[in-house]
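Chemist: Listed below are the residues making up each chain.
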Amino acid sequence: MMSLELGTFPVQSVVAGSPGRYANGSLTVDVERLRARCLDDPRVVSVEVDLVEPGEATRVVHVRDVIEPRLKVAGEGHAYPAICGHAPDTVGDGTTHRYAGFALLLAAEVPERIRREVSAAADSIVDMSGPGAVSVYSTLRYVALTVRLEPALDLVEWNETLLAVAHRAADQLAGYLRELEPPEREHFALDPAAHNLPRVVHVHTLNGSMVPGIGSTIYGYARHALPLLLHPNEILDGAIAGDAVVTYPGKCTWIQVNNPVLPELYAGHGEDFAWVGCIVARTRWGAAAEKELSAFQTVKLARMLGADGAIVTWNHGGNDLIEVMLTIQGLERAGIKTVFLTIESDIKVVRMTPELAETGAHEPPLLFSVPEADAIVSTGTLAPETALPVMERVVGGDNVAFDFERPDVTAAAVGPLDLEELSGAYSPIFGHFDNYGLGTQSYFDY
Amino acid sequence: MVSALPPIALQAGGNRVVKGVKIEHVCGNPSLGSAGDAALRRRIVERCLEALATPVSSPTLFTVEESEEPRP
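So the protein sequences, as listed, match chains A and B.
At position 71 of the first sequence (counting the first as 1) the number is 71 in the working numbering, and the numbers step up by one without a gap.
One gets the working numbering by counting positions in the second sequence from 1 and adding 1000 to each.
Hint data in this document are derived by calculation from the structure and do not stem from the laboratory.
A few of these clues could be false.
Claimed, not checked - Chain A is faced by these chain B residues, among others (derived, beta-carbon under 7 Å):
id: 1; residue: Leu-1005
id: 2; residue: Ile-1008
id: 3; residue: Ile-1023
id: 4; residue: Glu-1024
id: 5; residue: Gly-1028
For glycine and all other residues, C-beta sits at the position ideal for the given N, C-alpha and C.
Model the full assembly from the supplied sequences, consistent with the hints where possible.
Modeler: Structure below.
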């Protein structure tokens, strides 16, 4: 029913210049035009534009979102639908152009007031080289926007204004690809598969914010809601997007369209199994009964889809694991063989030594588990062993505060940064919460 | 202990776990109004005292009915 062609434009270099264009792997960014577009809102006080490359002695701080610029050139709707003024049409059909290896990075310092309101709005960093460069976000080229807004904006308006700036910029950069022939094309459609193949569903659990009005969105919808069936092409076309407040990388926009689970399932579809789609179930409900209800309804949808097997993923941590585990339990009890893809979430330990990797921390690797969760694939865990060194160049801000329980503990972003000393419950390295296994922080391959 | 997330508390070996209301407000429910909230909080505390007086041999869950009428 849906047929999506992704036209990919690999980016091997990014330079400033005019006019902005893409040619033969080289992206020329018209910085002044981009800045002007970002500033087209009286609530935006200032925007700095920096170009950032992997391998540089550069540290980006106050990372709020990473967005892959995408442009729909055929088919209904707008890439990243129903946010930032984009139309709410159903996406996933037609042709979408995208860059590979390149993204727009949004950096903004969190106002003190918002930091108090949302405890998880701590600072995060992306190091482009050195021992901190362990996540996939250290491998991309960026146009980095450092944005300052009117200080009086409330939380929801602050979030929406920042996202609008970032998506205006991303749309302009994606516009360079309008008339071009993509060097690479991939085609995605869930063509009918042989009836004897096992039916597999992707249970794509997705954190919903406990703070109203913010959080990752499905077609712009952030609130907790009962599970929803999405065609994978909708996700590949940006139906799920991040917010600009909480910097868990599992919630950023880039990972949603680059989630490696989706192409892997496509690769097996029609060969090893029949993929029946993605059930997107929100997590982090506040009451135990709500967690149960969400899990039960997810299981019901999987049964209605005739699933024989399920791959369960999540994009967060903490108490979200309860509904995830209850879902796994219900799927298994319904006779649906289930595998769970997860980071080992004992993320409190920042300085991970090989010895500790061997023996484990004092905490269990998963906060909660059920006996039915008997097939788990780990995407690894934790952080670099050593302090992060001084970097020649810092983009995004001057100081960092990593521990929301100790907001007065700040450090100069230039470093050195002793993460164990400065961090609280979470590693501040953007991408450490590597739920889908794109980084290199695993100590062992199993 | 009173917990909004009894599965974790029980799995961690909490011997007497009283089910709280919600992560955002474990020991009450502001949507009931101040009198209703106070009554609920009282019932939760009373349930805790009953739990303490109940012999248990393994992690045990005690629940509080939110809709229950306040006791005279």
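Chemist: All hints, please: hold or fail.
Modeler: Right, here's what the structure says about each hint:
1. Because the closest C-beta pair between B/Leu-1005 and chain A is about 6 Å apart, less than 7 Å, the hint holds.
2. The beta carbon of B/Ile-1008 is positioned within 7 Å of a beta carbon in chain A (closest approach about 5 Å), and the interface hint is therefore held.
3. A cut of 7 Å between beta carbons decides the hint on B/Ile-1023: the least distance to chain A is about 5 Å, and the hint holds.
4. Below 7 Å, beta-carbon pairs count as interface contacts, and B/Glu-1024 has one with chain A at about 5 Å; its hint therefore holds.
5. Interface restraint check for B/Gly-1028: the shortest CB-CB distance to chain A comes to about 13 Å, outside 7 Å, so the restraint is violated.
Checked against the numbered hints above, the structure breaks only hint 5 and satisfies the rest.
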